[in-house]
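With the hints as constraints, model all of the structure from the sequences given.
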Amino acid sequence: MDEAKPTSGEKLSFWTKVGFAIGDLGPATGPGTIIPFFFLFFLTDVVRLNPSLAGLALLIGKIWDAV
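Going by the working numbering, the residue at position 51 of the sequence shown is 1260; the numbering climbs one at a time, nothing skipped.
Incorrect hints may appear among the rest.
What the hints assert, rightly or not - With a straight-line cut-off of 25 Å between C-alpha atoms, the simulated SDA-like cross-links for lysine to any residue are:
(1) K1220 / P1240
(2) K1271 / I1244
(3) K1220 / L1234
(4) K1226 / T1253
(5) K1226 / L1249
(6) K1271 / P1240
(7) K1271 / R1257
(8) K1271 / L1258
Said to hold, decoys possible - The calculated label-pair distances, taken between Cβ atoms and stated as ranges, are:
(9) K1220 / V1255: 43 to 53 Å
(10) D1233 / N1259: 47 to 57 Å
(11) W1224 / T1253: 23 to 33 Å
(12) L1221 / T1253: 20 to 30 Å
(13) L1268 / G1232: 27 to 37 Å
(14) D1254 / F1223: 25 to 35 Å
(15) S1222 / L1258: 23 to 33 Å
(16) V1255 / G1218: 21 to 31 Å
(17) T1242 / S1217: 31 to 41 Å
(18) I1272 / F1246: 25 to 35 Å
(19) T1238 / A1275: 46 to 56 Å
(20) P1245 / F1223: 30 to 40 Å
(21) L1258 / T1238: 35 to 45 Å
(22) S1217 / P1260: 51 to 61 Å
Hint data in this document are derived by calculation from the structure and do not stem from the laboratory. Ideal Cβ placement from N, Cα and C applies to all residues, glycine included.
Written out as structure tokens, the structure is:
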């Protein structure tokens, strides 16, 4: 397998790295944590699902995303 080689020798500036880091904060913290929290509330209080099974439903989704 061929190794990837950088096209230029210049490095990214500190502020460019900060910009990329800030760009990832929205999707990682917003929907990624708020929606599962309310989904667990919905499954346990509205659907009356056992909390263990509700957690298992989210776990299966996380494992599927990892694959």
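inquiry  = Name the hints, by number, that the structure is in violation of.
reply    = Hints 1, 4, 5, 10, 11, 12, 14, 15, 16, 18, 19 and 21 not satisfied by this model.
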